[in-house]
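J.: Protein chains in written order, with the working numbering: chain A, 1 to 345; chain B, 346 to 705.
No false leads were mixed into what you were given.
Here chain B is said to cover these stretches of chain A; the calculated rule only asks that three of the stretch's residues, wherever they fall, bring their Cβ under 8 Å from a Cβ of chain B:
hint, region
1, 136-145
2, 153-159
3, 271-278
4, 328-334
Simulated from the structure, these hints should not be mistaken for lab results.
The structure presented is a predicted model; accordingly, all values stated were derived computationally and were not measured.
Ideal Cβ placement from N, Cα and C applies to all residues, glycine included.
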Amino acid sequence: MLVGFALLYVVVIAEPTPEVGGNWRTTNFGSLFDDWRSFTRTLLNGLTFAGLLFIVASGFSLIFGLMRVVNMAHGSFYLLGGYIAYEVQQEMTGQGFTILSAEVTTWEWIFPALVAAATIAVVGLVVQQVFLRWNQGQELRQALITIAISVIVADQVIAHFNEGIASTITWPGWTDRLVELPLLGIDYSLTRLVVLFLGVLVAAALWAWLYRTRTGMVIRAGVDDRQMTSALGVNIQRTFALAFVVGSALAAFGGVVGASQGAVAAGQDGQWLLNSLVVVIIGGMGSLLGAAAGSLLYGLVFSFSAVYLPTTGGNCCTQYSIVFTFILLALVLAFRPQGLFGRAA
Amino acid sequence: MTGLAATKRWVERGVGLAALVLVALGPAVFNDYWADAILTQTFIVGIAAASLIFLSAYGGMISLAQTAMMGAAGFILGNMVTQSAPGGETKGLTLGWDPTLAIVLALLGTTLLGLVFGAIASRSTGIYFLMITLTYSVIGFYFVGQVTNVSGFSGISGINSYTPGFVGDMVNDRYRLYYIALGVAIVVYVLIRYVVRTPFGLALQGVRDEPVRMSSLGYAVPLHRTLAFGFAAFLASLSGVLLVWWQGQIAPGDIGLQATIDLLIVAVIGGLGRVEGAWLGALAFIVINNYIRDSWLTELLDDVRIGGSFNTIIGLVFLAIVIVSPDGLIGLWDRLWGLATGSRDPDRPAMAPSPAGQQS
Numbered sequence: 001m002l003v004g005f006a007l008l009y010v011v012v013i014a015e016p017t018p019e020v021g022g023n024w025r026t027t028n029f030g031s032l033f034d035d036w037r038s039f040t041r042t043l044l045n046g047l048t049f050a051g052l053l054f055i056v057a058s059g060f061s062l063i064f065g066l067m068r069v070v071n072m073a074h075g076s077f078y079l080l081g082g083y084i085a086y087e088v089q090q091e092m093t094g095q096g097f098t099i100l101s102a103e104v105t106t107w108e109w110i111f112p113a114l115v116a117a118a119t120i121a122v123v124g125l126v127v128q129q130v131f132l133r134w135n136q137g138q139e140l141r142q143a144l145i146t147i148a149i150s151v152i153v154a155d156q157v158i159a160h161f162n163e164g165i166a167s168t169i170t171w172p173g174w175t176d177r178l179v180e181l182p183l184l185g186i187d188y189s190l191t192r193l194v195v196l197f198l199g200v201l202v203a204a205a206l207w208a209w210l211y212r213t214r215t216g217m218v219i220r221a222g223v224d225d226r227q228m229t230s231a232l233g234v235n236i237q238r239t240f241a242l243a244f245v246v247g248s249a250l251a252a253f254g255g256v257v258g259a260s261q262g263a264v265a266a267g268q269d270g271q272w273l274l275n276s277l278v279v280v281i282i283g284g285m286g287s288l289l290g291a292a293a294g295s296l297l298y299g300l301v302f303s304f305s306a307v308y309l310p311t312t313g314g315n316c317c318t319q320y321s322i323v324f325t326f327i328l329l330a331l332v333l334a335f336r337p338q339g340l341f342g343r344a345a
Numbered sequence: 346m347t348g349l350a351a352t353k354r355w356v357e358r359g360v361g362l363a364a365l366v367l368v369a370l371g372p373a374v375f376n377d378y379w380a381d382a383i384l385t386q387t388f389i390v391g392i393a394a395a396s397l398i399f400l401s402a403y404g405g406m407i408s409l410a411q412t413a414m415m416g417a418a419g420f421i422l423g424n425m426v427t428q429s430a431p432g433g434e435t436k437g438l439t440l441g442w443d444p445t446l447a448i449v450l451a452l453l454g455t456t457l458l459g460l461v462f463g464a465i466a467s468r469s470t471g472i473y474f475l476m477i478t479l480t481y482s483v484i485g486f487y488f489v490g491q492v493t494n495v496s497g498f499s500g501i502s503g504i505n506s507y508t509p510g511f512v513g514d515m516v517n518d519r520y521r522l523y524y525i526a527l528g529v530a531i532v533v534y535v536l537i538r539y540v541v542r543t544p545f546g547l548a549l550q551g552v553r554d555e556p557v558r559m560s561s562l563g564y565a566v567p568l569h570r571t572l573a574f575g576f577a578a579f580l581a582s583l584s585g586v587l588l589v590w591w592q593g594q595i596a597p598g599d600i601g602l603q604a605t606i607d608l609l610i611v612a613v614i615g616g617l618g619r620v621e622g623a624w625l626g627a628l629a630f631i632v633i634n635n636y637i638r639d640s641w642l643t644e645l646l647d648d649v650r651i652g653g654s655f656n657t658i659i660g661l662v663f664l665a666i667v668i669v670s671p672d673g674l675i676g677l678w679d680r681l682w683g684l685a686t687g688s689r690d691p692d693r694p695a696m697a698p699s700p701a702g703q704q705s
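Start from the sequences and build out the full structure, keeping to the hints where you can.
T.: This is the structure we're talking about:
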């Protein structure tokens with residue numbers, strides 16, 4: 001019912017906001033029939049946001065699915081990854097704070113991203129080996145430990161990285177333009193398409209790794225039955241360490257992409273922890289498909305509710321889009337407590 | 346029960362009573378700074394932490410939504426009682442309702458919200474419950490951040506000038522607030538001790554330990570969890586009302602992730618197994634907060650070239666406590682007593698490797 005109305009609202013009912021006033025049907029954009037260009041643009045925004053969500057949340061989901069560790073420091077890894085790449089890029093280009101996009105080569109974006117991902121992978125490995133290996137099975141204690149780590153990281157980021165103020169990584173020059181999309185007939189930012197492409201790339205790589213290699217097979221077996229896998233002679237500890245390395249690197253890579261698209265700033269660790277949580281709660285823990293579905297749903301709801309919710313004249317800055325995130329979460333949990341693609345605990 | 350355990354109980358009661366007498370004397374013993382800044386805050390934060398510990402100790406649910414509940418009560422109260430200042434910038438809805446009515450509505454509204462939130466999360470346990478309540482908390486924060494006609498841009502201030510007559514002046518008479526907070530804290534403690542002895546409380550503890558067995562015995566497991574969550578939301582709303590009187594204002598930052606984690610740290614420092622730990626943890630946290638900020642310790646951090654501020658220290662303390670004594674200060678005391686007397690306390694709630702914690 002509710003979902004049906006929401007769809008109907010977006011497709012047919014919504015009207016663009018007039019200059020003054022407005023009623024409950026008015027939005028920033030018109031409905032699909034009135035104004036299908038902005039509809040398509042919103043759709044694409046949702047998809048590209050979903051791409052970024054997937055990069056970050058798939059790492060979170062991988063770690064949780066295999067090890068039952070809720071890594072509350074996942075958002076901190078995102079933050080650290082973004083800042084490290086920022087520092088490296090500043091160092092490479094030798095510029096001050098602002099870098100012109102045209103002066104950045106592709107390599108000057110990829111190298112900082114690689115450095116950030118590799119550094120955070122090592123950080124993740126250390127955290128797992130030092131703090132999480134000896135208390136396996138005590139989920140709550142592990143969650144508390146990672147919370148403590150996230151508190152420390154958040155403070156240290158402010159102390160050491162650009163005082164925690166918003167910092168932007170510059171995309172390579174060739175991406176900084178609008179492309180005309182065939183068939184749709186709209187101009188769209190190429191960088192956003194790159195984000196979408198990277199999301200799909202990560203998804204494809206993860207799929208190939210998990211479903212087409214021996215290591216991936218072991219990981220999937222571990223997700224299903226940890227004890228049995230280890231009884232079959234698999235070195236499960238090495239698999240755990242590997243999952244943590246990959247998961248952390250994904251968080252950092254997400255941080256680089258996020259910092260390139262928008263900016264990375266102190267306080268975003270909480271936001272991205274929330275994003276990862278929402279995605280995996282909706283999609284189901286430890287499932288690659290679930291992470292993809294969760295990212296898509298959350299990305300689309302986020303993007304559409306931001307522009308299609310009724311606005312009334314006067315209060316300029318009030319938004320209700322967060323309410324829809326909550327409604328989405330509540331709906332999924334009410335019908336499938338284990339998430340869309342999760343299995344009952 | 347062995348004689349030793351009884352002795353331990355008497356020791357605890359003695360210490361508790363002594364502490365109570367000490368704080369009841371209040372102004373005679375403590376200077377203004379301690380009474381107003383530290384102890385009043387301890388009572389208030391302790392109530393919120395007690396609601397968290399109640400859920401964890403008796404329901405097996407670690408809730409991170411308690412700060413959001415505090416904030417809900419605070420924002421409801423703030424929106425209802427304040428009146429738009431003449432000529433001034435209006436913040437919030439400024440309904441200007443009767444304060445007594447507003448308090449009742451704030452408590453009821455928050456409890457209702459808790460029941461709804463609890464119902465949604467009630468089929469999840471353990472680590473899932475923690476994650477879902479964390480999303481509640483963060484969503485609550487972004488809600489007040491986005492919906493600015495409810496939260497004002499930077500929060501609602503001057504709430505404590507609108508109090509009902511029977512409460513009295515909250516702005517100038519700080520000892521009045523001190524005793525009110527103390528009174529509410531005692532009531533909350535007694536209430537929790539009472540509730541866990543009622544049939545509902547006993548069933549809740551059954552649900553904590555053996556949800557499947559309780560369910561097959563005919564108990565409605567999700568309903569018990571929902572009601573417990575609603576009750577905890579009610580306790581948190583009491584704390585929220587007191588908090589806005591103490592601060593005079595409520596802002597989105599009061600329920601942010603930092604505040605949520607701080608409350609969790611308070612509860613963990615105190616000990617997640619027993620309600621008394623709430624106020625112990627609150628006192629420890631607030632004293633550390635007030636005395637370590639910008640002191641020799643932060644300078645020490647600079648000297649060893651780590652840098653950072655108070656949060657790095659509290660994070661390290663938190664990390665150390667979770668690693669060394671997951672039962673917090675209360676757990677430490679239990680362990681010390683066991684070491685000193687060579688006995689194991691049968692009452693000791695085993696929090697760290699509890700069955701609830703190992704569910705997957």
